[in-house]
Every structure is written in C-alpha cells, then in structure tokens.
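There are 2 protein chains.
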Amino acid sequence: MADTTVARPIDPEVIAQVAQVATAAKAASRKLAQLTRSAKDELLVAIADALVAAIPQIVAANAEDLARGRDKGLAPGLLDRLMLDEGRIAAIADAVRDVAGLPDPVGEVVRGSTLANGLQIRQVRVPMGVLGMIYEARPNVTVDAAALALKSGNAVVLRGGSAAGSSNRAIVDAMGAVLTAQGLDPAAVSLLDQGGHDDARALMTARGLVDLVIPRGGADLIATVVRESTVPVIETGTGVNHVYVDVGADLDEALAIVLNSKTHRTSVCNAAETMLVHAAVAAAFLPKVLAALGSAGVTVHSGPEVAPYAEAAGAAHAMAGEGDFDKEWYSLDLGVRIVPDLDAAMEHIARHGTMHTEVIVTRDRAAARRFQAEVDAAVVVVNASSRFTDGGEFGFGAEIGISTQKLHARGPMALPELTTTKWLVEGDGQVRV
Amino acid sequence: MADTTVARPIDPEVIAQVAQVATAAKAASRKLAQLTRSAKDELLVAIADALVAAIPQIVAANAEDLARGRDKGLAPGLLDRLMLDEGRIAAIADAVRDVAGLPDPVGEVVRGSTLANGLQIRQVRVPMGVLGMIYEARPNVTVDAAALALKSGNAVVLRGGSAAGSSNRAIVDAMGAVLTAQGLDPAAVSLLDQGGHDDARALMTARGLVDLVIPRGGADLIATVVRESTVPVIETGTGVNHVYVDVGADLDEALAIVLNSKTHRTSVCNAAETMLVHAAVAAAFLPKVLAALGSAGVTVHSGPEVAPYAEAAGAAHAMAGEGDFDKEWYSLDLGVRIVPDLDAAMEHIARHGTMHTEVIVTRDRAAARRFQAEVDAAVVVVNASSRFTDGGEFGFGAEIGISTQKLHARGPMALPELTTTKWLVEGDGQVRV
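Residue numbers (my numbering), protein chains in the order written: chain A, 1 to 433; chain B, 1 to 433.
Errors might be hidden in some of the hints.
With a Cα cut of at most 20 Å, we get these calculated SDA-like pairs of lysine to any residue [said to hold, decoys possible]:
| # | chain 1 | residue 1 | chain 2 | residue 2 |
| --- | --- | --- | --- | --- |
| 1 | A | 40 | B | 373 |
| 2 | B | 31 | A | 31 |
| 3 | B | 31 | A | 326 |
| 4 | B | 31 | A | 348 |
| 5 | B | 26 | A | 374 |
| 6 | A | 31 | B | 40 |
| 7 | A | 288 | B | 373 |
| 8 | A | 31 | B | 369 |
| 9 | A | 31 | B | 431 |
| 10 | B | 40 | A | 373 |
| 11 | B | 26 | A | 31 |
| 12 | A | 31 | B | 350 |
Only some residues are given here: those of chain A computed to face chain B with a beta carbon under 8 Å [said to hold, decoys possible]:
| # | residue |
| --- | --- |
| 13 | 23 |
| 14 | 108 |
| 15 | 109 |
| 16 | 429 |
Everything labelled a hint here was simulated from the structure, so no lab data went into it. Being a predicted model, the structure only gives us computed values, none of them experimental. Note that beta-carbon positions come from the ideal geometry of N, C-alpha and C, so glycine has one too.
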C-alpha cells in the first residue's frame, strides 16, 4: 500500500558521479547495440581468457575482501559466497564462454506482416541500452551480469555488495582492458563503488540514462527499489514457495519432493519454505516426512496441531510465530501446516506466497488442473521439486535472475529478457487517408 | 535524473477507499481469469447491447458534464472529446463487439519443451489481474479500456478525468448491471470518482492489489506516475516525433509524408512535431513544403536560418524558443530545423525525441538502414507517415495505448500486452540431483 515515508535525500555528489558513469555507459551502449554476433562472441572469449590470466590479481584482491569480511565477523556462508580461488575463477570464465555459445537474441524478428496498403512492418529484438545491476557480495555475479549484458548488446552499470569491493574492481579492470583492446569503450562495463548506499539509490533514479534496473537481494533492497526507483525495474529473487501435498498424492513421491525442495540447497530462492498437507493424509504422511526432514537437520515451524507429529518423529520443532509463514528462511527451517482442502491450500498460498514457485503433489487430475489454473505464480509445478525453477534447468543456458513480477519477464530470465523490441516500418510514400 | 521533491501525503481516507475498491476488483479478477472465451465474448456483446439501451441515460449524464465544462470554459476541442450522442455511443458499442470478435490471448502457449529428465514445461498467457487506467475526460476510453480488460480476463479500476464524471458513472453503471446479470461481480469494472487527484495517486500506490497501471495523458501525469507509483507502470502516449527529410529523399514523397504526419490529425501522439531537413535539399524542398504547410494553416517554429523560407512561402512563423523542440504541440505548429547530415538528424532525435515514432524519407538504402538500426524508438519508419503508429493500423484490432517505454510492451499495445505469462511444469516425481 501507499508508503508515505520520506527518504533521506541522496548525496548530490553521488548523484553527479553516478550520472557521469551512466552517461558514459549510455554512449558505450550505442556502439554495442550495432556489434555483430561474432564480434560479441570474440569479445566474450577474450574476456574469459583475460579473467584466467588475471587469476593472481583477482585472488589477491579477493584475499583483501575476505580479510575485511573476517574482521567484520561475516557469517561463514557469506564468506564462502565471497571466496574466489583458481578453480572458481576458471569456472566463472567457462561460464562466459558458455554465454558466447548461446544464440544472439538481438535482431530476432518476433513478428511481422504486410499491411493492406503495402506497408511492411516487423517487430525486431534490440538491446535495452544500459542495465543497472544491484546485487550482493558475490563476485561471480559481476562476471555473469557483464557477460549476459554484452551478449545482448547492452552496457551495464554494476553495483555489487561492498564486501566484494576489491574483487569486483579487479574483475572489472580485467574486463575493461579487453574492451579497450577491442576498440570498445570500457564504460560498457562500469562499477559503482564510491558512494556507499547512495550509489544504488542514484542508480535507480538515473532516469533517461539507465534503461532497466535489476535488483537481486533481500526484501529490504526490493522495498527500497519499489519505493524510490524511477527507472523501470524487474524484481527478482524472493521466493516464499510452498509444496502442497494433496489428498491424492503419492506419498513416497511427496516425501522425495518435499525433501529435495527444502534441503537440496537452502540459500536459494527456489527452495521451499512451507509444506502444506491435506488433513486426510496428515496422519499417514507427517510421521514419515518429518522423520526424514528431521534426519536431514530441518527444524519444523508449525502450530500446535503438527507439534506432536514432530516430537514423535524426532524432528526439531518450534512454534510458528507471527510472520513465520511469510519468511524466506534461507536455512534448514520449514513451516508446516495442515489444511482442510485444496481451496485452503490455495488461499494460504495467495496470502503468503511471493508468486515465485508453487508445487502440488497429487495424482488427481482435477486437483492438478485447478492448482495450475488458479495459483498466481511465475512457475506452478505438478509432481516435481521447486528447485527446477532455474534458467539452466529450463534450458536457457544462463540466467540473470528469476522475476517475480508480471511485467516484461516472469520466472527465469535469460538473454531475450534483456532486450526490448522496435517496430521497423518500410513504405514507399504511404500516408493515412 | 533523481527527483528529491517531497510530495504532499495522500489523504488516508482516499487510500482506504481505493484499497477497498481494488480489493474487490482483485477478488472479481480471480473469477474473470477462469472464464472461457465464449463466456467473455457473450459478456462483451451484452455490454454493447446494454450501452445502446442506456443511450438516453448516458446522453443525459453527458449533458451535465458538457454544461459543467462550458461553465468552466473548457476548450472546444476538449468539449468535443467529451461529447456523446446517439451516434457516438452506437459506435462505441460497435467497438465493444469488435473486441468480442478478436482472438483471446489467454491460454496461448508461448513456448514449451520437454526437459532431459522428462519434465514438461509450457509458458502460457494468463491475465495480469487488476489493471489501473488513469486517463483524460474521454468517456469512450472508459468503454474501450473495460472491454479490453474483460476480454483479456482482467478486472479494471478506472480513473477518468473528472470533467467526464457523470458520463463515466452512467457508463460504468450500465456495464455493472450486465456483470451482475451474468453472475459476475460488478467490481470487475470499477470507477474511482470520489477522491479527486488523490484517487489517481492512491491507485498507483495500491501495490499488491493493482497489477499494472497505464497512465494516458500529458507530461505532468507521466511525471507524477514515474515519481510516485509503486505499482508497475506502462507509460504511454507522449510523442515528440520527427520526420527527417534526407539528402536522398524523393521530395514529392517527402512533402506528402510531412503534410500527413503534421496535419492529418493534430491532437494525437503519433503526429509529427518537428521536421528535420538535410542542408543539401533545403533550398529545393523548403519553399514547396512550407508553402503547403502554410496553406494548411501550420505555424512554423524555427531558428533564423529557416525564417526567410517561411516568409517567402507565406507560412506563419515564430522564432523557436528554448524547449520548443521538446514540445508536443497537439496543434498546427511544427518545429523545423536544417541539419548538416544524417548523424546530426539522429543526434537531434536522440536529444529531443520521446522514443515514440521517428521517420526518415530517403531512397538511399544505407541511410535508411542506419536510421532504422541506430534510432532508439518504438517505431522507426522509412518513407511513410508517422500516423501509422496505431494498433488499428498495425492490424491488432484494438489498442489500449502506445507504449513509449522499453519494458514489457513497446509501441501499439493490444490484448496480448494486457496479459502476463505463467510457467506450467508437469512431472512424475522429478527431483534435482
């Protein structure tokens, strides 16, 4: 609903700095938009080579970040996401080569026709222009985002988490040297690391210079972007996802799907956060699934109706507090609720879900069809793990994020989603009568 | 760039009223999303019939609006846009029947595949949910927007210009009676007319209730929406469009295209506002084109280099002031500039255009190709009038606006642009390994 908070003004010096960077990126984007596919692919391969050649410098810069992070008491999980070594950098470079191998979305004719008056119209894919990426302290995203931006003919302004500042600078310098060597403007891949928090805020209000902002991060970042951004935005990555075990479920299948959705990887947006179980199968299913979840180290959060099952199954249990069913745990925690029927399950999902990925386990065709038709989410799954919501799994070859909004892109976003279209109209003097 | 203006808070009572309307619309949208195409088409035909049956009431309500408008000294052009008579209402009803005849975008399978593990994935079109329309005092838009929303399975909250308040109320009441008669919730087509300006502001911040806001109107409205909206927006309708007459132009063709682009209809966003003429053809072209424009009643706005041509041709002339080349005249006024070459023309367009429609007149293939490749606009035209940027002309059958943004929709927007997509995934127990 309407937010009437008055935000602290952005530092005018930061606004000016970011405007300068974005203006340079915009100028660079004009040339990128005209590059052929082979020129872009050569550029990406050269960037991959340069990253491998720069391993000593990047690892040294990363060591600075890690030392600072340890001093600040960064959690082990975050330090691990931040860490780069020779193997990881080589893998990142390989991912850039993979992007070079993907089809070029630019120039694709989406549709077209010849009008009655002879006018020929064609809708073709063209680059957006300048992308703004706001993300956490994950240096691999710096490379992924740059590679996807360049392949789709866009310039990119990167604003990564400050904890990765030295690593990002070393990586962007290595990429900039390649751009320069190929006669391109290094401003095509720009890094903001001078203005702290205001860097991100200035980026999301650089209207007319930045064509699209993609925030990746937690609920706080998304809220700031929604409130403050004047540049068009694609929201990504908050997933409060549910697995609903229907009365018609194969319970062995359900167990495997719940376990995989929750425990396969917990720090990702396509993990499950809540299991909903139809009341008619609760007594048969909960003992087995809670025992399995308990063995996997999962803590169950629920109301009193589930607590005795958890206790009997030997699973850690906590009473669900207010807001627990709206939480993205990013950990071995799972909300559990017994629901009287399919409608109650869908009602819970409508209230607590984030329109990311919703799963039903059932052999009942009617229940599956209703769930897919009525649940409002980017991905609605029947009888499979929530973890499949992923650009790589869907066969897109690469992914810049998972959109949870309805405009422009929904679900896994890859290269085509980083483009817009343009109508080309060709006539020989037609006027309207 | 960053706007640090602090807006006046929205009246909390209006926020609550609008939230109530939007909540009801959201509930209504769930049922609309599941309607079959035939149910929707029957609904639209019944609405068309009801509008015709309500002609006496609508004309009477419109007479109140017109009387108020005359008292307030509304310009004749605006009064004409506001006026409804039997013929106009019949035409509006026919347009609703036309929408019933268009293909239903909902349910279209956009793409799909079977993954290596046997998972079947399909991306299908689904309704957005609730659309918010903010527009001028044009009662025909009330009907058009409702018809397009319903056909695409969406509910709509309408906020029309207050000068059309009585007409809009009569129209929405007539549509509401049909919705009720067909067992649907009349909240599916809701009108905001209680809260003045704050109605629009509350609508654009009703996040989570409204899925998409489409503002139609002048630069002020667009600026407010960009600054304040927290709901995703599609900007429409500001067109500072150029016709560039290249050195390679057929000058007779150029004359017809310039005349049609400027004078065919001046109150529309796809009219031309500026003519750019290559210096090498200025002496040959300007006398003819300015004479023709002068005869059509056009006033030429330019720098001193064009003034003598205008005088000699007998065209009204005014020296172009600051900002005149950024103005959407909506009238028989045209900016004129002589440019040294194609690059200067594209540079002028990049600085002053609004990414709507840009036209080049040339027989030079290389110039045409460069113009189409490098000009960043929704529609880039070679050798035809700017007036063809129109959903009807493009063969879409109907149009809710012309998007000048890059996200989601660009150029004329019709039914498919009022939908989003959903990925449906079907498995038989697949989990990630």
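Which of the listed hints are broken here? Of the numbered hints, 2, 3, 6, 7, 9, 11, 13, 14 and 15 do not hold.
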